[in-house]
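Visitor: Build the full structure now, drawing on both the sequences and the hints.
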Amino acid sequence: MSDLRDLYQELIIDHSKKPRNFRVIDDPDRFADGFNPLCGDKLRLYLKIKDGKIEDAAFKGAGCAISTASASIMTSMLKGQTIEQAENLFQTFHTLITRPEGLEDPANAGVGLGKMAVFAGVNEFPARVKCATLAWHTLKNALDQAEEAAQTE
Amino acid sequence: MGTILDREGVAIRAGHHCAQPVMDFFEVPATNRASFAFYNTHAEVDQLVAAVKKVQEMFG
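Just so you know, the protein sequences line up as chains A and B, in that order.
Heads up: the first sequence at position 133 corresponds to 118 in the numbering used here, and the numbers run straight through without jumps.
To convert, count from 1 in the second sequence and add 1; that's the numbering used here.
Note that these hints are calculated values from the structure, not bench results.
Don't take every hint at face value.
Stated by the list, open to error - Pairs of lysine-lysine, DSSO-like flavour, derived with a Cα cap of 30 Å:
{"no.": "1", "chain 1": "A", "residue 1": "Lys125", "chain 2": "A", "residue 2": "Lys33"}
{"no.": "2", "chain 1": "A", "residue 1": "Lys2", "chain 2": "B", "residue 2": "Lys55"}
{"no.": "3", "chain 1": "A", "residue 1": "Lys100", "chain 2": "B", "residue 2": "Lys55"}
{"no.": "4", "chain 1": "B", "residue 1": "Lys54", "chain 2": "A", "residue 2": "Lys3"}
{"no.": "5", "chain 1": "A", "residue 1": "Lys45", "chain 2": "B", "residue 2": "Lys54"}
{"no.": "6", "chain 1": "A", "residue 1": "Lys3", "chain 2": "B", "residue 2": "Lys55"}
{"no.": "7", "chain 1": "B", "residue 1": "Lys54", "chain 2": "A", "residue 2": "Lys2"}
{"no.": "8", "chain 1": "B", "residue 1": "Lys55", "chain 2": "A", "residue 2": "Lys45"}
{"no.": "9", "chain 1": "A", "residue 1": "Lys38", "chain 2": "A", "residue 2": "Lys2"}
{"no.": "10", "chain 1": "B", "residue 1": "Lys54", "chain 2": "A", "residue 2": "Lys100"}
Said to hold, decoys possible - Using C-beta positions, here's what the derived DEER-type ranges look like:
{"no.": "11", "chain 1": "B", "residue 1": "Phe60", "chain 2": "A", "residue 2": "Lys35", "range": "33 to 41 Å"}
{"no.": "12", "chain 1": "A", "residue 1": "Gln136", "chain 2": "B", "residue 2": "Pro22", "range": "12 to 20 Å"}
{"no.": "13", "chain 1": "A", "residue 1": "Lys3", "chain 2": "B", "residue 2": "Phe27", "range": "21 to 29 Å"}
{"no.": "14", "chain 1": "B", "residue 1": "Val46", "chain 2": "A", "residue 2": "Asp90", "range": "43 to 51 Å"}
{"no.": "15", "chain 1": "B", "residue 1": "Glu28", "chain 2": "A", "residue 2": "Asp11", "range": "23 to 31 Å"}
{"no.": "16", "chain 1": "A", "residue 1": "Gln66", "chain 2": "B", "residue 2": "His18", "range": "35 to 43 Å"}
{"no.": "17", "chain 1": "B", "residue 1": "Arg8", "chain 2": "A", "residue 2": "Ala47", "range": "20 to 28 Å"}
Said to hold, decoys possible - Calculated Cβ distances over 10 Å to all of chain A for the following chain B residues:
{"no.": "18", "residue": "Ala12"}
{"no.": "19", "residue": "Tyr40"}
{"no.": "20", "residue": "Lys54"}
Keep in mind the model is a prediction, meaning the values are calculated, not measured.
We put the CB at the ideal spot given by N, CA and C, even for glycine.
Guide: And the structure:
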């Protein structure tokens, strides 16, 4: 069971049961949809942006424990970040989760991610990587103003 | 749930089952499906029940 606990850390279970920022922002500056048909994860991400900074971030939708916790912790982290900082977080998180081969310093892959680092264990569960990254791909689409829903299939 | 059961040696189907209209019909985001065949034993059914209890413990 220890490896399962690597995946379902207390913080992840807590955020999946009581997701933070789980609401609609009525007049968002950006929003985007994310969809992961395999698990059945579906979410809409809302952002309020002022002077290049994310003032508010929230999401609404239904999904598995990992995707819900990821969206919950992500939206908590985004508040106060500039768009550039948010894009950097996306890259760092993606590297932590996918650990591409030839990574120079795999032990430090999650540095600067704060609470998001609890998702490091997802790397051992390839089928669940898509759940953890869905909110982040949706964020990227929202920042890039993409019109199509983000899919991690 | 699928991941936890998988670790307990029980294979089920989880998610949309490539049947999104049915999920919309029942107004659920996703479902789990355990299917039995003639070769399944009572012991394997017990294993399934024990694994489901583990899920409850974790998320309960």
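Visitor: Now, for every hint given, state plainly whether the structure supports it.
Guide: To see whether the hints hold, each was checked on the structure:
For the given pair, A/Lys125 sits about 14 Å from A/Lys33 by alpha-carbon distance, which is consistent with the 30 Å threshold. Distance hint between A/Lys2 and B/Lys55 is fulfilled; the C-alpha atoms sit about 17 Å from each other, no more than 30 Å. Distance restraint check for A/Lys100 and B/Lys55: the Cα-Cα separation of roughly 26 Å lies within the 30 Å cut-off, and the hinted pair is therefore satisfied. Taking the CA atoms of B/Lys54 and A/Lys3, the gap is about 21 Å. The hint holds against a cut of 30 Å.
Of the supplied pair hints, the one linking A/Lys45 and B/Lys54 holds, its CA atoms being roughly 29 Å apart against a limit of 30 Å. Taking the CA atoms of A/Lys3 and B/Lys55, the gap is about 20 Å. The hint holds against a cut of 30 Å. Annotation: proposed proximity of B/Lys54 to A/Lys2 holds, straight-line Cα distance about 18 Å (limit 30 Å). At roughly 28 Å between alpha-carbon atoms, B/Lys55 and A/Lys45 fall within 30 Å of each other, so this suggested pair holds.
With a C-alpha separation of about 29 Å, the suggested pair A/Lys38 and A/Lys2 falls inside the 30 Å cut-off, and the hint holds. Of the supplied pair hints, the one linking B/Lys54 and A/Lys100 holds, its CA atoms being roughly 29 Å apart against a limit of 30 Å. Taken as a hint, the range 33 to 41 Å holds for the pair B/Phe60 and A/Lys35, whose Cβ atoms sit roughly 38 Å apart. Checked against the hint of 12 to 20 Å, the C-beta distance between A/Gln136 and B/Pro22 comes to roughly 18 Å, which is consistent with it.
Taken as a hint, the range 21 to 29 Å holds for the pair A/Lys3 and B/Phe27, whose Cβ atoms sit roughly 25 Å apart. Taking 43 to 51 Å as the suggested C-beta distance range, the pair B/Val46 and A/Asp90 conforms, at roughly 48 Å. The hint said 23 to 31 Å for the Cβ distance between B/Glu28 and A/Asp11, and at roughly 24 Å that hint holds. In this structure the hint that A/Gln66 and B/His18 lie 35 to 43 Å apart at CB holds, the actual value being about 38 Å.
Between B/Arg8 and A/Ala47 the beta carbon distance is about 24 Å. The supplied range of 20 to 28 Å therefore holds. Even its closest Cβ contact with chain A, about 12 Å, leaves B/Ala12 beyond 10 Å, as expected for a residue assigned away from the interface. Here B/Tyr40 stays apart from chain A, with its beta-carbon at least about 25 Å from theirs, past the 10 Å limit. In this structure B/Lys54 is separated from chain A by more than 10 Å, as the shortest Cβ-Cβ distance comes to about 13 Å.
The structure shown violates none of the earlier numbered hints.
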